[in-house]
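Produce the entire structure from the sequences given, and follow the hints as far as they go.
For the sequence shown, position 200 (counting from the first letter as 1) is numbered 230 according to our numbering, and the numbering increases by one without interruption.
The set of hints was computed from the structure by calculation and includes no laboratory data. Remember, it's a predicted structure, so these values are computed and weren't measured experimentally. Some clues are possibly wrong.
Claimed, not checked - In silico DSBU-like pairs for lysine-lysine, Cα to Cα no more than 35 Å straight-line: (1) 296 / 308; (2) 319 / 308; (3) 296 / 309; (4) 309 / 319.
Stated by the list, open to error - Ranges between beta-carbon positions, derived for each pair: (5) 39 / 145: 44 to 50 Å; (6) 284 / 240: 36 to 42 Å; (7) 289 / 254: 19 to 25 Å; (8) 143 / 302: 47 to 53 Å; (9) 113 / 39: 23 to 29 Å; (10) 96 / 298: 49 to 55 Å.
Even glycine gets a Cβ: it sits at the ideal position worked out from N, Cα and C.
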Amino acid sequence: MSATIVPVGVDEETNDAWRSSDIQKPFGDEDNIYGTDGWLIAQYPDGDENNTLQPPYAEITILGKGYEGVGAEQYQAKFDDVAETGPGDVPDRVCGDFWANSGPTGTIDDFFEITLTEDASFRLGVITDTTPDGPPGLLWEASRSVKVSGPDGVESDLVDAVGPDEEWRDADVDYVFFDISGNAGDVFTVSGEQDQRWEANALGGVFFDPSYSNNFEITQIIRDQDTGSVTIEFTSSAGSVYGIDASSDLITWDELDDGLIGNKDKTEFTDDFLAPEKKGEEIFYRVRKLE
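Put into structure tokens, the structure is as follows:
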């Protein structure tokens with residue numbers, strides 16, 4: 031198969047709770063745990079073996095970027111300990127970042143290289159918002175957008191890593207996601223775009239999840255032209271619990287149901303609340319598998 035790279039979206043809600051299984055993750059993450067297949071995170075102390083769990087289908091390497099964390103812990107964002115998962119609070123470990131002294135705004139720096147060791151399809155998460163505003167007003171490094179490139183000139187567009195209506199370094203975006211497919215031997219590169227207002231460009235790491243299951247997807251959306259209600263049909267498993275969300279901009283999501291019990295093979299949900307209010311407007315829907 032030919033290599034593909036598809037931007038999925040950004041997560042500005044999960045923050046540091048990426049390993050907490052009861053914190054809802056967007057885009058259909060089925061176990062609510064980021065990094066099920068592996069990770070490489072700039073987690074203090076540098077060199078800790080917990081920093082890296084190579085996925086079974088790929089090897090991750092750092093492309094010559096320095097690690098910042100030791101001695102600057104108070105300026106680093108905190109994230110769940112990658113080695114632990116579970117409901118409730120997962121203990122934090124200080125997260126640094128991988129950085130490069132970069133050039134002017136728009137300079138692209140390559141941070142991570144992913145080499146497939148077998149044919150694979152997977153979801154890649156890139157940790158972007160690595161630095162809190164501390165002390166207040168201090169600008170710290172972070173890429174303002176992210177892209178992934180692959181073999182034969184395949185690459186994604188730059189994906190904004192700041193967020194709409196946000197000032198640089200007050201970034202809302204915590205993770206940027208891509209769905210990637212390729213063959214054994216294919217190499218994918220994760221890159222960040224520099225913002226000149228700080229002399230360093232940085233990303234916090236990458237993590238890997240199973241590809242979004244083809245047997246869990248929205249198969250049909252039908253809008254009643256008279257009432258404005260919308261009926262969503264999606265593939266499902268009997269007894270599984272699903273959540274339904276709606277959005278007008280793919281940024282802010284309204285929860286319509288968080289306890290829909292699935293049927294065997296397919297389930298329907300009718301939005302007769304929000305959709306009629308927005309009759310004639312564009313609405314996006316997503317389905318989440320909760321348990």
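Do the hints match the structure? See the list:
1. Restraint check for residue 296 and residue 308: satisfied, since their Cα atoms lie roughly 26 Å apart, inside the 35 Å limit.
2. Restraint check: the Cα-Cα separation between residue 319 and residue 308 comes to about 26 Å, which is no more than 35 Å; the hinted pair holds.
3. Restraint check: the Cα-Cα separation between residue 296 and residue 309 comes to about 26 Å, which is no more than 35 Å; the hinted pair holds.
4. Taken as a hint, the residue 309 and residue 319 pair is honoured in the structure, with Cα atoms around 27 Å apart against an allowance of 35 Å.
5. In this structure the hint that residue 39 and residue 145 lie 44 to 50 Å apart at CB is violated, the actual value being about 25 Å.
6. Distance hint check: the CB atoms of residue 284 and residue 240 are about 27 Å apart, inconsistent with the given range 36 to 42 Å.
7. At roughly 24 Å, the beta carbons of residue 289 and residue 254 sit within the given window of 19 to 25 Å.
8. Taking the beta carbon of each, residue 143 and residue 302 are about 49 Å apart, inside 47 to 53 Å as hinted.
9. The given range of 23 to 29 Å is respected by residue 113 and residue 39, whose C-beta atoms sit roughly 27 Å from each other.
10. For the pair residue 96 and residue 298, the supplied restraint of 49 to 55 Å holds, since their beta-carbon distance comes to about 53 Å.
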